[in-house]
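> The listed protein sequences derive, respectively, from chains A and B.
Oh and the first sequence: position 271 is 271 in the numbering used here, straight run, nothing missing.
Here the numbering used here = 1-based position in the second sequence + 1000.
Do not rely on the hints blindly, as some may be mistaken.
Stated by the list, open to error - A short, non-exhaustive set of chain A residues, derived as facing chain B with CB atoms under 10 Å: (1) A40; (2) G43; (3) V46; (4) A124; (5) S233; (6) A342.
Stated by the list, open to error - Covered stretches of chain A, going by a simulated chain B footprint (3 or more residues, C-beta under 8 Å): (7) 185-197; (8) 238-250; (9) 296-310; (10) 380-389.
Because the hints were derived from the structure by calculation, they are not lab data.
Think of the CB as a built atom: it goes at the ideal place given N, C-alpha and C, for glycine as much as any other residue.
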Amino acid sequence: MSQPPPSWLHPGLRLIEAERCVGWAGIAAQADAFEAAFRASGGRVVLPPQGVPALVAALVAAERAGVELHLSRRAMPADAASEPGEPGFAVLLETSGTTGTPKLVRHDFQRLRGRLRGAADPDARWLLAYEPAAFAGLQVILTALVAGATLVSAPGAGAADLARLAVAHAVTHISATPSFWRAFLLALDGAAPPLAAITLGGEVADQPLLDRLAERFPTAKLRHIYASTEAGSLFAVGDGKAGFPAAWLDGGVDGVGLRVRDGVLEVNSPRAMLGLQIGREVGHGGGWLSTGDIVERRGDRALFAGRLDGRINVGGVKVSPEVVEQILLDVPGVRDALVEAAANPVTGHILTALVVPAPGVEETALRAAIRAAVADLPPAARPRLVTMTGSIALGAAGKKTRKGTA
Amino acid sequence: MTDSMFALIAEELARIAAEKGESLPTLGPDTRFLGGDLPIDSLDLATLLVVLEQRTGQDPFRAGFVQFHTVGELAALYRPTLHHPGLPAGSA
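Whenever a hint applies, use it, and build me the whole structure from the sequences.
What follows is the structure, given as structure tokens:
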């Protein structure tokens, strides 16, 4: 007979994926199989995307075997060669970078768990709207596990499919990006799931969206989370209004100190040392940490007004127009290029490009070359509209003027 | 009244689908953007809205998110009186 479930997994949980419902018995069987393999691996194991039940079984097995578990977001990680790593159970997550290889961040499992409220809630029915192996996705999974809740998932599915699943399985809890929520509202027909808790994170939550959600789900608890890459989840705002109370800039909130320096939000959080990026420390321990988020005070409210580094949020993915612009400038036949953000009510922004072709270059061939050059970027980072132009205007400082970076 | 807007949406949707190597089923006013038969995702829909703003000069979402599900509902958000650059008047 299998071992009992770990303390962070309520035996009443149910995982629903691809029309299959898996309980603790199913997870335990897979965990036993994983455990034998993990013990033989010596240190670090890589788990490619295999759905939520396998991920949960791997967490159980990795804890028992005392190994590092690298939850990969790609089918064949290039760095899959198992490295020795550090001894003991920990979870390694990949960051979602615009370009280059993703960075690996090591999370102490006890600390990951410590961030979650642990109350049992067997009647809750969660929908997983994030990638399972993303930080936010893992948080949702762990929350459902400890609560003994039902977790409905369909990795790789779009907002429209997830909306259908939410209705079909009468989902009560969803945590997702504002972009997801907009697409979710667009995809919902007359029927809507009986939501009790709505959480927004990963992007700035705007007032019209918060109003729309409150209108459509009047009885749901609505909150938006503020998190930063380095410091993780910092505070939640539950009054249904965009931004956060400006008073928090003086008194802090929930043990987190907040202040604005040169227009940029800085935080002082006991939770700042969340993970160790392999080869480099993330954050600086105690003390103030710049978030890179520009904050404006308007009346009694502090509102987010873009990124200091000019990165754009496209549907919850932070992308750098400058990096994409460099890629376009490297395409043979491109004489000049400008990549900028265009606002829209679905994904917040998309990237668009103005391209000046070199003389004699054929447009169709150039468009194909540009498409090929950006094909390796995540979909959110690809310029969605490429306009050919004769010249790109320069601003007063002799630099290209990039619109829409707020 | 929104015939020309409908035609513009159909034209741009077809272009976005073609970029992905997809072709569109026949569009009607009740065709849903997401969650229906169209081979588009939310980034494609975002692209369509940006193109429509460029081509009509109108941004019905200036004040924030407005709920719509179907092609007809989106077309109705744009004022019908404007002539759309690049589209012959009266085409439908």
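> All the hints need checking, so say for each whether the structure fits it.
Hint check results:
1. A40: 41 Å, violated
2. G43: 39 Å, violated
3. V46: Given a least distance of 28 Å, the restraint on V46 (chain A) is violated.
4. A124: 24 Å, violated
5. S233: 24 Å, violated
6. A342: Nearest chain B Cβ about 4 Å off; hint holds.
7. 185-197: This one holds; 5 residues, not fewer than the three required, reach chain B with a Cβ under 8 Å.
8. 238-250: violated (count 0)
9. 296-310: violated (count 0)
10. 380-389: Check passed, 3 qualifying residues.
Violated hints for the displayed structure, listed by number in ascending order: 1, 2, 3, 4, 5, 8, 9.
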